[in-house]
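**Q** For the record, the sequence lines run as chains C and L. If you're matching positions, the first sequence starts at 1 in the working numbering and goes up one per residue. If you're matching positions, the second sequence starts at 1 in the working numbering and goes up one per residue.
In short, the hints are calculated from the structure, not lab data. By construction, the Cβ of each residue, glycine as well, lies at the ideal position given by its N, Cα and C atoms. Take these hints with a grain of salt, some might be off.
Said to hold, decoys possible - Below, simulated BS3-like cross-link-like pairs (lysine-lysine); rule was C-alpha separation at most 25 Å, straight line:
id: 1; chain 1: C; residue 1: K194; chain 2: L; residue 2: K73
id: 2; chain 1: L; residue 1: K73; chain 2: C; residue 2: K110
id: 3; chain 1: L; residue 1: K202; chain 2: L; residue 2: K157
id: 4; chain 1: C; residue 1: K194; chain 2: C; residue 2: K110
id: 5; chain 1: L; residue 1: K157; chain 2: L; residue 2: K76
id: 6; chain 1: C; residue 1: K182; chain 2: C; residue 2: K194
id: 7; chain 1: C; residue 1: K182; chain 2: C; residue 2: K110
id: 8; chain 1: C; residue 1: K194; chain 2: L; residue 2: K76
id: 9; chain 1: C; residue 1: K110; chain 2: L; residue 2: K76
id: 10; chain 1: C; residue 1: K180; chain 2: C; residue 2: K194
id: 11; chain 1: L; residue 1: K73; chain 2: L; residue 2: K157
To be verified - So these bits of chain L aren't anywhere near chain C, every CB distance computed over 10 Å:
id: 12; residue: R9
id: 13; residue: S58
id: 14; residue: Q120
id: 15; residue: K157
id: 16; residue: A166
id: 17; residue: I177
id: 18; residue: A199
id: 19; residue: E205
id: 20; residue: D218
id: 21; residue: E223
Stated by the list, open to error - Pair by pair, the computed Cβ-Cβ distance ranges are:
id: 22; chain 1: L; residue 1: G136; chain 2: C; residue 2: N281; range: 39 to 47 Å
id: 23; chain 1: L; residue 1: G66; chain 2: C; residue 2: V127; range: 49 to 57 Å
id: 24; chain 1: L; residue 1: K76; chain 2: C; residue 2: G14; range: 37 to 45 Å
id: 25; chain 1: L; residue 1: H196; chain 2: C; residue 2: G14; range: 52 to 60 Å
id: 26; chain 1: L; residue 1: K76; chain 2: C; residue 2: V173; range: 30 to 38 Å
id: 27; chain 1: L; residue 1: E94; chain 2: C; residue 2: A133; range: 46 to 54 Å
id: 28; chain 1: L; residue 1: G66; chain 2: C; residue 2: L176; range: 41 to 49 Å
id: 29; chain 1: L; residue 1: E67; chain 2: C; residue 2: T246; range: 48 to 56 Å
id: 30; chain 1: C; residue 1: S131; chain 2: L; residue 2: G66; range: 55 to 63 Å
id: 31; chain 1: C; residue 1: V173; chain 2: L; residue 2: D123; range: 38 to 46 Å
id: 32; chain 1: C; residue 1: P275; chain 2: L; residue 2: G126; range: 46 to 54 Å
id: 33; chain 1: C; residue 1: L86; chain 2: L; residue 2: G66; range: 48 to 56 Å
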Amino acid sequence: MTRQRLLPVLLFAGVIILALIPLGLDPRGYEMRILCITLLFASLGQAWNIVGGLANQISLGHAAYFGIGAYTSTILLKLFSLSPWLGGVIGMILAVAFALLLSLPTARLKGHYYALATLAAGEAIRVIANSWADVTGGPVGISVPYLPDGSLWMMQFSTVLPNYYLFLAALVVICLVFWKIKSGALGYRLRAIKENEQAAEVIGVDTYRSKLIAACVSAAITAFLGTLYAQFQFFFDPDTVFGVATISVKMALIAILGGVGRLSGPLVGAAFIIPMEEMANSYFGSSAAGLSQFAYGAILVLVILLNPHGLTALFAQLRDRFTGKGGSHDRSVA
Amino acid sequence: MTAPLLEVRGVTRRFGGLIAVNDVTFDVHAGEIVGLIGPNGAGKTTLFNLLTGVYPPSSGDIRLEGEASGGLKPHKIARRGMTKTFQNVALFMESSVLDNVVTGGLLNNALPEARDKARQILDRVGLSAIADVRAGDLSFPERARVEVARALCTEPKLLLLDEVMAALTPAEMEEVIDLVRSLRDDGTTFIVVEHHMKAVMKLCERLLVLNFGELIADGTPTEISRNDRVIEAYLGANFAKKQASQPVETA
Numbered sequence: 001m002t003r004q005r006l007l008p009v010l011l012f013a014g015v016i017i018l019a020l021i022p023l024g025l026d027p028r029g030y031e032m033r034i035l036c037i038t039l040l041f042a043s044l045g046q047a048w049n050i051v052g053g054l055a056n057q058i059s060l061g062h063a064a065y066f067g068i069g070a071y072t073s074t075i076l077l078k079l080f081s082l083s084p085w086l087g088g089v090i091g092m093i094l095a096v097a098f099a100l101l102l103s104l105p106t107a108r109l110k111g112h113y114y115a116l117a118t119l120a121a122g123e124a125i126r127v128i129a130n131s132w133a134d135v136t137g138g139p140v141g142i143s144v145p146y147l148p149d150g151s152l153w154m155m156q157f158s159t160v161l162p163n164y165y166l167f168l169a170a171l172v173v174i175c176l177v178f179w180k181i182k183s184g185a186l187g188y189r190l191r192a193i194k195e196n197e198q199a200a201e202v203i204g205v206d207t208y209r210s211k212l213i214a215a216c217v218s219a220a221i222t223a224f225l226g227t228l229y230a231q232f233q234f235f236f237d238p239d240t241v242f243g244v245a246t247i248s249v250k251m252a253l254i255a256i257l258g259g260v261g262r263l264s265g266p267l268v269g270a271a272f273i274i275p276m277e278e279m280a281n282s283y284f285g286s287s288a289a290g291l292s293q294f295a296y297g298a299i300l301v302l303v304i305l306l307n308p309h310g311l312t313a314l315f316a317q318l319r320d321r322f323t324g325k326g327g328s329h330d331r332s333v334a
Numbered sequence: 001m002t003a004p005l006l007e008v009r010g011v012t013r014r015f016g017g018l019i020a021v022n023d024v025t026f027d028v029h030a031g032e033i034v035g036l037i038g039p040n041g042a043g044k045t046t047l048f049n050l051l052t053g054v055y056p057p058s059s060g061d062i063r064l065e066g067e068a069s070g071g072l073k074p075h076k077i078a079r080r081g082m083t084k085t086f087q088n089v090a091l092f093m094e095s096s097v098l099d100n101v102v103t104g105g106l107l108n109n110a111l112p113e114a115r116d117k118a119r120q121i122l123d124r125v126g127l128s129a130i131a132d133v134r135a136g137d138l139s140f141p142e143r144a145r146v147e148v149a150r151a152l153c154t155e156p157k158l159l160l161l162d163e164v165m166a167a168l169t170p171a172e173m174e175e176v177i178d179l180v181r182s183l184r185d186d187g188t189t190f191i192v193v194e195h196h197m198k199a200v201m202k203l204c205e206r207l208l209v210l211n212f213g214e215l216i217a218d219g220t221p222t223e224i225s226r227n228d229r230v231i232e233a234y235l236g237a238n239f240a241k242k243q244a245s246q247p248v249e250t251a
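Chain C on its own, in the form it takes in the complex:
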């Protein structure tokens, strides 16, 4: 039980530390950008965790929501100078609409079939974004109009420091949403679906509705993160924001590698994967571009072989080995 009292304290301390880190760094520097991207991907992993972790619906199409969010707010900003906060909300609505549409053919699918169907849907949206050049700008990409006098309302700043705090705030909010869902009635229902869908139905769980709610919440969050990303990067193209490897698989990978279904999973996963990827790029990037991806892949395989339950489980085992406790009981916690 001490663990349960300890957890909020640890999380609070973690947020304070994350809030203090930038004070020692160059606000325009490379490290700040990596930290921002790490926070963003921790949030994305957590959004994916609602569907992939709690209900075990392995989506490989979440880039669709991310790209819808990024393009919607950016196009509205370009055309009508609409604040990205409002554009982001409209992006969330569109993403939810797409999630509802996608649920019609996919909600009854399980396992590999669900993964493949969502993968295909995500790719379809990428192809549409590439070909619908009148609206999206097509493969050449789209630039967020730069406003010299940046403001919070227009989500534009002269350094990335405010972006960092925005990403941190988003991560805290999304973690709270995840925790609320996981520990609430919906969390029970999703866990029941994950562990035995037929039994869940027979004892009264509306499995279709529960999965749909989870998918919509996850889609809306992912879309808003797309808006935050657009306002941070200022330029993107369909292959980046709708990409399978760049977004969809990476979201899943971060949650799975960190510890799927756990609150701490995507946090650990992002803190591991994003800096590692950046380091691999900077070490091998100039000499042999392919090598960075190879090193990245090799490390992933190694971690998964070491512990299929993810890094958080690996840490728990190591801790238990040092403190001499039995390991398996911690599996259900956080």
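Following the hints, put chain L in place on chain C, whose structure we already have.
**A** Chain L alone, transformed into the frame defined by chain C:
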């Protein structure tokens, strides 16, 4: 007599060329404990699956409290008050015993009330001591009990028990029989599939006998034990012929 709680009329289920349940008709009244027996493969579990909506019937009518329930999704039928336990046990194996039962309680309650209700039920079925154990770590008889507790937490009017006494010791069987009786006295109606004849004869006031998907008998345990078609189905035609020439002995 009041209207039946469950009315089954001409229910048939085909799987390809196989007729698993064939034109079955019966009623169950509130407060009954009805046994459903028959040789392996007779269609008992399929019938339970049709009643709870796991599969829709190919034809025929199922009514719960007078309203058609055949072909509805299982969660809708559970909401109407009918659910079942699973023959081969289908618990949420990674979750604790308590969480398994709480999930059933969420059908009619918000989470805090569902938790209270689950604890009461665990108390009643004698599982409080293992409330925090992972369901996957339990023995088979314990799992079957958790199945019962989880189903009870949905507050069913009609509960279908599929071989919950399999692998129990005689003493444990007595406990389950007492539990089902006391639950019945509190207003739950039961249909029970069980292979252990002594337990069935003791627990049930009425038996339905299925053989090759057909309902071949419906009566009190004494009537059933003298029924020629039942004896033939269970013990073979030759035995039945021999039996017919001798005075009948009941089980």
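**Q** Against which earlier hints does the structure fall short, listed by number upward?
**A** Structure breaks no hint.
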